[in-house]
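**Student:** So the chains spell out like this:
2 protein chains.
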Amino acid sequence: MEWIEVPDDGLTLQEIRNITKRSQAENAGIRQSVEDILTAVQEEGDRAVRELTEKFDGVRLDSFLVTAEEIEEAARKVGPEFMDILTEARDNIRAYHERQKQESWMDTFRDGVRLGARYTPIQRVGVYVPGGTAAYPSTVLMDVIPAEVAGVPSIAVFTPPAKDGSVNPYILAAAHVAGATEIYKVGGAQSIAAAAFGTESIPPVFKIVGPGNAYVAMAKRLVFGTVGIDMIAGPSEVGILADENANPVWVAADLLAQAEHDRRAAVFLATPSAALASAVEGEVEKQLAELPRKDIAAASVADHGKIFITKDRQQAIDIMNLIAPEHLEIDFPDAEQYVDQIQNAGAIFIGPYTPEPIGDYFAGPNHTLPTMGTAAFSSPLGVYDFVKRSSLLSYNKEAFDKVAEKVIRFANVEGLQAHGLAVRRRIDEN
Amino acid sequence: MEWIEVPDDGLTLQEIRNITKRSQAENAGIRQSVEDILTAVQEEGDRAVRELTEKFDGVRLDSFLVTAEEIEEAARKVGPEFMDILTEARDNIRAYHERQKQESWMDTFRDGVRLGARYTPIQRVGVYVPGGTAAYPSTVLMDVIPAEVAGVPSIAVFTPPAKDGSVNPYILAAAHVAGATEIYKVGGAQSIAAAAFGTESIPPVFKIVGPGNAYVAMAKRLVFGTVGIDMIAGPSEVGILADENANPVWVAADLLAQAEHDRRAAVFLATPSAALASAVEGEVEKQLAELPRKDIAAASVADHGKIFITKDRQQAIDIMNLIAPEHLEIDFPDAEQYVDQIQNAGAIFIGPYTPEPIGDYFAGPNHTLPTMGTAAFSSPLGVYDFVKRSSLLSYNKEAFDKVAEKVIRFANVEGLQAHGLAVRRRIDEN
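Heads up: the protein sequence lines correspond to chains A and B, in order.
Each residue of the first sequence is one higher than the one before, counting from 1 in the numbering used here.
Each residue of the second sequence is one higher than the one before, counting from 431 in the numbering used here.
Just so you know, these hints were derived from the structure itself, not from any lab.
Watch out, some of these pointers could steer you wrong.
Claimed, not checked - Pairs of lysine-lysine, DSS-like flavour, derived with a Cα cap of 25 Å:
1) B:Lys-836 to A:Lys-294
2) B:Lys-836 to A:Lys-77
3) B:Lys-507 to A:Lys-406
No experiment lies behind these values; they were computed from the predicted model shown.
Using the sequences plus the hints, can you model the full thing?
**Tutor:** Here's what the structure looks like:
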């Protein structure tokens, strides 16, 4: 890991950006392939989806829809013990997300002026779930449950089939437990196209969420506008605030839990204690040897592991606010007192018994979080991402009369005389 | 205007999309020019901004920042009467947006498990304000005030200078009244680049909002990810629900108020009354002749004006839900009762004395609204666009012990052993 001795007057945002250099380069080759796939699906519908699935997933499917029998079979394969764990996680995630619901309202603001906001669920959404060897049922829960809590009546999951036409049973079981209304065996850019434009057998959705590879991410970027999308996620990250009281074994383990995700995963420690930093670094080396995914974790730690040595706790907090990490662990004594000083972080894990994996699966808050510094301006996935607001405005005649001339004056200043006339004609006919 | 007789079983989403065909085609030429501008500003900072301003706006500026003297002078030019109107509009807009603020919270969910959400304002935002002959002070209010209410400490307005280096006084006055902390005489794609990347004299922002021409829109699209952006706005739209009780003079005037914005503006009437439709169409022709912007309005009405004749009110509502118009006027008798049936609309104007221009300037709700059918999945600009949420998680030792093995099981199912180990090491050292 790279050590950065933070000067007394701290680091600037630009310096932090240069040190942590997180970014996703756009690949022109990917863009062209994805554009071709989008066009094919838009023009040829199911036929294109069928051919692309054969080409990329190696299986020719007559029907894309997962059947009730397949879902029952998945639950059997997963087994009752893990089904119970899934259900308990679902209940925890649902309980937290219930708190994000907002009520429509309408109130009198001034005499004869009623204003409000109407909250309505998006009518149909698509959730992308990556396939391949590593199946992430937790991501299925985290992406489907907020939509279900929001009241979205139609939640379609898209995931690539294996060569034998099956879908990972953990994915199917999680989708079913979470409340998905349909599951399609379609993956890659072709699934994003099918979701955005619709085909003969797949009705279009209004918003697409969920992580995916570079092709899926590019496809989401390109259909943005036709449909809504969640964030384009970058590599995972953790930032840890710790001092000499922290347990270096645990801190190292938490850094590695993030590092094992991806060679480009970024792990940050900010600490006023050089002794802790040394101990953590030694532990990282030691623990790395035991990991099945040690090649990935070692690359992440070597290329994107940074230790900031600060003059005090406050400066360590300042550094994390500039980094805006996806996950932030506060491992100072009496950790909760520092929460009010955190400006930028996707999720904040407070104290030594709240390691980041607790939040990945079980606690309740969403694990789909802003990466690459975007926590400075964006938020975890939540119920609000599956709801839209309509403003409500109602003036009665008296209230209208009171403001009519001012509105006309404003319209004329802006050179929009027809706006003024829409008001004027109502005055004239009164 | 084109008449569409809606069949008894209604129209599908795809049929509505074909009839209303709203879309913004991407222009490859624009993309290349904008990429060049972004690169120049990122590499050469102020020097590039200065040269691009000279090239596009015809004025060479030493400093981009508007001075306190210029703001005072603008208020004098605007005059006390309009300053009062601006201030009253500001107060109304602020009062409505105050209702969108949300409080941070943290609660006990289960024994030893505390969860919550922390709301923090984005630390610095940029607001783009188009220049040119038509100045829109209302847009300045609508974009700056939600940020100010959200508690954003630093709100930078960017707007192109005139050839003499001045800025439209209405823009300056509105920015000042709304609570902008800085105003820069920089416009076009170069201002979006300066805001996103920062220059020697312009600190970078974390989010950019506000409407602009095709170059500004493309620049926002390309810097999305480095910074947050609001929506990419399309041409303005209105949908009107009316029956035989409505006043055709007013309905026509409201359609034209939208049509005068843009040749591509779209105006929709859905009505069960063919008699009203005919009367409205006659009024549109008549009123068009009186409009200073009649060429624009006539093109909009001819190319993008649609009248849907429905079997009843319910079917008219269904049509509008598929269109998902930016603005929706309900001009049925006892209009408020229909609000609960509206699924998709940016803002809903209820009853005959709430014409759309009331909302553009004065009522309080935001006039920056989702266009081109995106109201099916997105929302008006608001305080929530200037705030981000951090999830809060805190487990004590007992609560941790209770779930530890389940979390490890979940991690192992997902093939992420280091996640499991971060938990396991805490059990072992207990």
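**Student:** Hint by hint, say whether it matches the structure.
**Tutor:** Hint check:
1. Simply put, B:Lys-836 and A:Lys-294 have alpha-carbon atoms about 23 Å apart, close enough for the 25 Å limit, and the pair holds.
2. Between the alpha carbons of B:Lys-836 and A:Lys-77 the distance comes to roughly 18 Å, so the proposed pair stays at or under 25 Å and holds.
3. About 18 Å separates the Cα atoms of B:Lys-507 and A:Lys-406, which keeps this hinted pair within 25 Å; it holds.
When the structure is compared with the earlier hints, no violation turns up for any of them.
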